[in-house]
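Number of protein chains: 2
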Amino acid sequence: MNTLDVRHYLLGLQGRIIAALEAEEGQPFATDGWTREPGGKLEGDGLSRLIEGGDLLERGGCNFSHVKGKTLPPSATQHRPELAGAPFEALGVSLVMHPRNPHVPTVHMNVRMFAALPAGLPPVTWFGGGMDLTPYYGVEDDARHFHRVNRDALAPFGPDKYPRFKMWCDEYFFLKHRNEPRGIGGVFFDDFAALGFEGSFSMMRAVGDAFISAYLPIVQRRRTTPYGEAERDFQAYRRGRYVEFNLVFDRGTLFGLQSGGRTESILMSMPPIVKWRYDWKPQAGTPEAKLYSDFLRPRDWLGEVAA
Amino acid sequence: MNTLDVRHYLLGLQGRIIAALEAEEGQPFATDGWTREPGGKLEGDGLSRLIEGGDLLERGGCNFSHVKGKTLPPSATQHRPELAGAPFEALGVSLVMHPRNPHVPTVHMNVRMFAALPAGLPPVTWFGGGMDLTPYYGVEDDARHFHRVNRDALAPFGPDKYPRFKMWCDEYFFLKHRNEPRGIGGVFFDDFAALGFEGSFSMMRAVGDAFISAYLPIVQRRRTTPYGEAERDFQAYRRGRYVEFNLVFDRGTLFGLQSGGRTESILMSMPPIVKWRYDWKPQAGTPEAKLYSDFLRPRDWLGEVAA
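So the sequences go chain by chain: A and B.
Taking numbering that gives the first Met the number 0, I'd label the letters of the first sequence as residues 0 to 306.
Taking numbering that gives the first Met the number 0, I'd label the letters of the second sequence as residues 0 to 306.
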């Protein structure tokens, strides 16, 4: 295991993604670096890159963090109880972008490595990652494009990876209390070490490297679509689901908040403006109804995943 | 134990509170009743009373619910592990009101009874309740009034009750990831059976009955205070903390969502419009800074609670 290689990859990935988004936005992102000195619950460092009030991106952040902790929190070991409480090292890049135009979907991407260092046992390392898309006004071509880029990125690692990780994503980004998926999915994997350190790291890189080509073409196609107050209102309402998912269910968010992570960086995933209203349902036949009927259900976007 | 008496009390309390708020608002609340037929995870009924877009109350709800379930969810038994998984009965009234005017505080009140019915063991009944106030622009007189009404309501049940429940409230409504209280507190109690069924039920009633006189005078004093976009913006920002608390920490919310409760009723606690922004801090010397320095810290509002 070579944590330094992973760190270099992640910082480079963050730099490339932010450069691409800055070019699209036409203005620089802010930069906020931080360090946690040894002695507390967590030590380590991080680099937050963020934007608020952009023409394209109303709010968004891309965080790199690299921390060491004395005790793995429960959210990180629910599938590996034998590691509960062990010292750990965690590094990753996590990104959420909330565009202003309701025709441009919100996107999330995350790649990460964990190492648990249980006393008297060899280190246990695993990788995780994925990306998923949350449209307000869905476009089937965009959904297919997003999934196709992910499938192609994972193809070198075995034909099972995309179908498995696509289904895992559908299962993970699901609001149980709404019986509703967060969006049109993408790919998600966690606790992954099946290809050894080098192979698993390589697969994580393939996912990270695919982000720009998965998302940017969709941004470019939709960013000039006209919209009005009604579309903005629906976007603000739907963003409430994003908040609900991230604060109630998301393992990464809960891990961060429980382990004493940097709150403002973790909660960069929160949208800039959100609305809640009681028991609202779209009128039949509207574009808003189409989001629910055609996009917010698990679908085989590429026509090749087993049912 | 007589569940029917508790049910009658709770429905009456809901009716009285809504009548008082309707009179203050000058328009009726909506009514949404629901029933869950036996056979599923939960059975029972409920009555949601709610308002959206009022002149005074931008969004608010007061829910009565009475459910029976086959298996107590983990959030209800974290202090009583021997009851984990037992059938249960739960009844309560829960209320959150988000006023439009940022000078009127948000308020939460809840009274509830739980009965766990473990196989082969006698039923275990307990009561919980409380209320807490979340100002955006704090007023010391209002905070003292709110606490005084609660202290007086609890006085007949022993001199220890207000100080204990005041501290419990400060501990409970605390955002660990922000190191920040939700507001100026109030009282909170749970798992309470120390006065027997009748005495404990009576104490719960005293808290429920105190709500109108604890909150309404504050509404009446502050509802005509002028405000502008800056105050609305700060209110929307601070409401983000309310969302974070309720979705990450609140036992009642998590119990409801985990146990298959009615999502739209549970999430009536969500504010109508919320904003998040990165690492924002108020400027020194402003009324917004005063909220943090003078109100968002545990304080002995009545000058008689031991330090």
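Think of the hints as simulated: they come from the structure by calculation, not from any bench.
Since the model is a prediction, treat every value here as computed from it, not as a measurement.
Just to be clear, a hint being listed does not mean it is correct.
All copies of an identical chain are treated as equivalent in the list; a pair is satisfied when it fits inside any one copy or across any two copies.
Claimed, not checked - Simulated crosslink set (SDA-like; lysine to any residue; CA at most 20 angstroms straight-line):
| # | residue 1 | residue 2 |
| --- | --- | --- |
| 1 | K67 | E81 |
| 2 | K280 | E51 |
| 3 | K280 | E263 |
| 4 | K67 | R79 |
We went through each hint and held it up to the structure:
| no. | hint | in the structure |
| --- | --- | --- |
| 1 | K67 to E81 | within (19 angstroms within a copy, 36 angstroms between copies) |
| 2 | K280 to E51 | between (30 angstroms within a copy, 15 angstroms between copies) |
| 3 | K280 to E263 | between (32 angstroms within a copy, 12 angstroms between copies) |
| 4 | K67 to R79 | within (18 angstroms within a copy, 34 angstroms between copies) |
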